[in-house]
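Colleague: Residue numbers (our numbering), protein chains in the order written: chain H, 1 to 79; chain C, 1 to 554.
Worth double-checking, as some hints may not be accurate.
Which residues of chain C face chain H? A few of them, derived with a C-beta cut under 7 Å, are [to be verified]: (1) TYR51; (2) ILE91; (3) VAL118.
Under the rule of at most 25 Å between Cα atoms (straight-line distance), these lysine-lysine pairs were calculated in the DSS-like manner [unchecked claim]: (4) H:LYS10 with H:LYS38; (5) C:LYS115 with H:LYS10; (6) H:LYS10 with C:LYS122.
Since the hints were made in silico from the structure, they are not lab data.
Here a beta-carbon is modelled for each residue, glycine too, at the ideal position from N, C-alpha and C.
Spelled out from the first residue to the last, the chains are:
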Amino acid sequence: MRILFFAQLKDVTGCDAVELSPPSPLNCEQLWTMLLEKFPGLRGHRGNVRLTRNWEYADADAQFTNTDEVALIPPVSGG
Amino acid sequence: MEIEVQLTGSPIAEKISPPRLAAHGAWLEFRGAVRDEENGKKISGLEYEAYPEMAVREIRRIIESLAVTHPCLAAKVIHRVGLIPVGEAAIYVGIASRHRAEAIALLGEFMNHLKQGVPIWKRRALPIGARLSQPQHVETLKPAAAGASHTAALRSLDEVISEIQSRCQPLPGLHAPLAEVFGRVLRETVCAPGDLPPVDRSTRDGYAILNGDESENYQVVDTLHAAGWKPRQLKPGEAVRVATGASLPCENLRVVMQESVERTGNQIRIVRHESATNISLRGEDLRAGEPLLHGGTMLNAGALAILATAGHVNPLVSPRLRVLHFTTGDEIVPPDQTPKPGQIRDSNSVLIRGLLQNVPCDLRLAHLPEDFEQAKLLVSAFSLQPSAFDLLLVSGGASVGEKDFTHPLLEWLGFEIAFSQVNVRPGRPLILGVKDSRVAFGLPGNPLSHFVCFHFAVATALARMTGGAPPKFLRGRLADKLDDKPCPRETLWPAKLEISPDATVRLHPLAWANSGNVACLASANALVRVPANTGPVEQFAVVDFLPLTAMLGE
Chain H
1 MRILFFAQLK DVTGCDAVEL SPPSPLNCEQ LWTMLLEKFP GLRGHRGNVR
51 LTRNWEYADA DAQFTNTDEV ALIPPVSGG
Chain C
1 MEIEVQLTGS PIAEKISPPR LAAHGAWLEF RGAVRDEENG KKISGLEYEA
51 YPEMAVREIR RIIESLAVTH PCLAAKVIHR VGLIPVGEAA IYVGIASRHR
101 AEAIALLGEF MNHLKQGVPI WKRRALPIGA RLSQPQHVET LKPAAAGASH
151 TAALRSLDEV ISEIQSRCQP LPGLHAPLAE VFGRVLRETV CAPGDLPPVD
201 RSTRDGYAIL NGDESENYQV VDTLHAAGWK PRQLKPGEAV RVATGASLPC
251 ENLRVVMQES VERTGNQIRI VRHESATNIS LRGEDLRAGE PLLHGGTMLN
301 AGALAILATA GHVNPLVSPR LRVLHFTTGD EIVPPDQTPK PGQIRDSNSV
351 LIRGLLQNVP CDLRLAHLPE DFEQAKLLVS AFSLQPSAFD LLLVSGGASV
401 GEKDFTHPLL EWLGFEIAFS QVNVRPGRPL ILGVKDSRVA FGLPGNPLSH
451 FVCFHFAVAT ALARMTGGAP PKFLRGRLAD KLDDKPCPRE TLWPAKLEIS
501 PDATVRLHPL AWANSGNVAC LASANALVRV PANTGPVEQF AVVDFLPLTA
551 MLGE
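Pulled out of the complex, with its shape left as it was, chain C reads as follows (with noise of 0.2 Å):
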């Protein structure tokens, strides 16, 4: 069953599609909309508060249980936060199942599981004819300071990777239940609690006798099964059937094969004679004490069957990172709608949405208005919470157009500028603020930027507070040359990986104009560092590269 589950500043969309599944006859859809009064006194207007991480899983989990009774295939809940006014949706939820009755049962069900026990608040009513009013805790609008020449000046990429390691820190772990891990870097040390296996094995189907027994003919004393342990000293010219897995039932025995002997009732006689024992003797494959896992690996499936293999069943792990992402500017409309001359479409929610699907996380997403006190209402509304979020991003408006924002908008939220230029293309402009533990980037608001500027400071950051490996540039050769002009700046070139037959990376730089050319985002997996005024470098040149697969945490 497919469930998507999100909480949203922003208006819900008017048209959302089913989900494309062969097999569903019904598809329910439910808004539920702000009325116009509250308590019995006219309203203009309601703000919602939510405990995000909660309850994104409270209500995937109350999905869940009702599917048990009432069949569902997919399920969409749109919630939404902030400041709504008078006859806009504050919920929304799509349900699709394969006849129309489990969907109608789930859905009300549903609704009364919410109101009982998802952390989600109306917080406060706004009379009518009252302006949005900003909350207390919104400070006034610092001015960016000025002639702060250290944020200024241009950053080399090399600079702009170590000041985001040296900025960014581990944010604190926690114990969190193995079904809940993957992807996150394990913070501790795990070693074995016992020796593996824990007593001699049987590696075959056969018959345990003791090292060394010459007997002509074995009496089959008991049988052991892979689930049952009976601990019995054999003598000799006794035998156990045992089964491949069986834990033998003392020490110093070896397995004859059952295709090596010939059992008449319960006698069995050896017919072919084979050197190997057939065992898998305690602690072979590890000794109690000796480190199964080490802190900063990222739990992939073979790390977690290690864990539950020792019995590590709470490890101590990366928090699931809260993201908030928010894109700007007015030009921008929804994927789903037509622009007007002037407008584009909005492609960076979903790219940054795809980009850390392998990340742990709960990503919120929001559209911010341009006018900036319009824009800090809904950032107030949504994430002023100290632990509303642990890193943001904001796409756009972080260049120096009238209205570009970003700067003062993360200065305005308390956070302190890192360094704001950057001497890498493309990637300009690219902000870094720190408060405390939390993270916010400003980020090129178009496409190929974004995705460049997310895999080498993104991820940088991404690595600090999870705790994992940062991405690491490689070597590898040039398929193709690489037809650059000499440029200024150090460039982070996309480029195509593949492994030729013989094992060795072959890199094919792709076309790209300038930062606006999206045209090679879909088959770009690589990033070729070029160094400042280079120019073109010839087929087979040996370069450095960022591969941009599987990098995070490795």
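The shape of chain H in the complex, shown without the other chains (with noise of 0.2 Å):
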């Protein structure tokens, strides 16, 4: 899965993307566990973060697979 980082989160994390290629499909519990693994510095945004799937804000109980496209939203400011 293709996972892209956003705004105050590309310098947290370094880069603006990361190619993950989980065994099975992960619940957001799992994911934000493999994320904070490879990028500790993203705990402190956790609580302001939220997670889409294929360009959708994803539910508490979404499954991400290895073909999604996931994205981590921090507070927006468009307009």
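With the hints in hand, could you dock these two chains into one complex?
Modeller: Here it is, written out as structure tokens:
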């Protein structure tokens, strides 16, 4: 799965995207565990970050699979 | 309701025309501009960043949901991204509705929702007096590889097509809901999950009786509509009233049309004997496990209906492509402006939008300034994330003039140049760059060449990337003489294809003096292939041609 970072999260992770290939689908909790292991700096942002799956905000019970495009959305400020 | 959403790296036009709708009484426009201070500090500009694919969808979704309570006829939203100087608009919203109150209410709520949930960010503020500094990830310009003879060599049409096919890779497929996959390419073979129809069904309104039951009178013991199924073993002398499409209560029945019986109370008598059983047998259309659709199929309306019938609601399909189109050159002005001497209107942006109409993609358009450093700044603010685009098209700026920069721009973006010269007319210059799964084309700036290169080169890449069938040359007969002079380059000659009453293909060559001649664009729907050094081709000669309609993913 392709995971995208935006805005200040790019500075936190030092990249704008990462590819992960978990062996089986992940729920939100499992995805966060995997992300925090790779990017511990994300820990302080977790409370403000929403996850998306294939260009839609993910529900709490979403399952993330290898073909999904996932993004971490920090608080937005468009307009 | 018509909703148009754009993210753009260019300034938002000063004047935007309202939609041409007879019913709208109100056309409300709003522009949000960058203020001269941010968090109490004076600034000279703001840099915006977006998650384009999602931002476009969210904006659309918000408008659709708000329109339920505030009826709206049309909406247009443009959000600018990248560096925006103070005073210039970051967002434009236009709303057409029957009455002003609906448009005003919708606009207010829309802006609130936008600021809460649409993935667009003010990335950084530029302090007053600061130069627009380069983002950190911008590398310095690498000089074009000198003496790279393999890219400099002139490619024939066949070489170009096969090079594109070998250099472009299918993008990874993903599962998407049926409502979003029209026009995409199926990436799996879908088999029938069960027999179709799943049980025997009646093809007539009438009465089901046991096949071979010769009773004089029948007792009507039940009634079945198309939606219900009540299994029941019929006995001789029993009948069940059935509607067309109704699932029959058991096997080994036949249906007597209602016109062939006399009914008295709950009794029927057959007055006219028929040989047909009037039954569609279980599995008659498809047996469980039989392939319904093969991988590589372009999902048209019929294919979607089949997937829905099979309950295959999240098929594995090609991704929605992210396409960036840059126009270049300071001589280009927007189509609503009057060109000064030496300037021309930009027609390629709208041309490419039309050409990509049938390709599920998110297209972003921008104009690059001629100054290379300025252009790099804009491109970097716009598109350097690896996920920003799958296909980059750069219009103009690809020949060898001093100001041309497509070649160095693509190299600066990390693309490997596969070729930069083709021996095809009209079509020079054409550049192919590849970087992992991403593809970039430098396309000629004049519209006819742009059009021709799209159809033989970009369409080939699109087919590869989506996993669909590539454009294919067919054979047809010239309806008129093709009046060419011998040319050392192979030619793709614009033509109008017609199907004659006897169902044969007739190709009318269109007049075009040179590649800047756009008059034939509107009627061209085929490209006739004229080998190098051919000269005129006589009327009725058999030629190879590329059809230009419905060719992608067929």
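Colleague: So which of the earlier hints does this model not fit?
Modeller: Failing hints: none at all.
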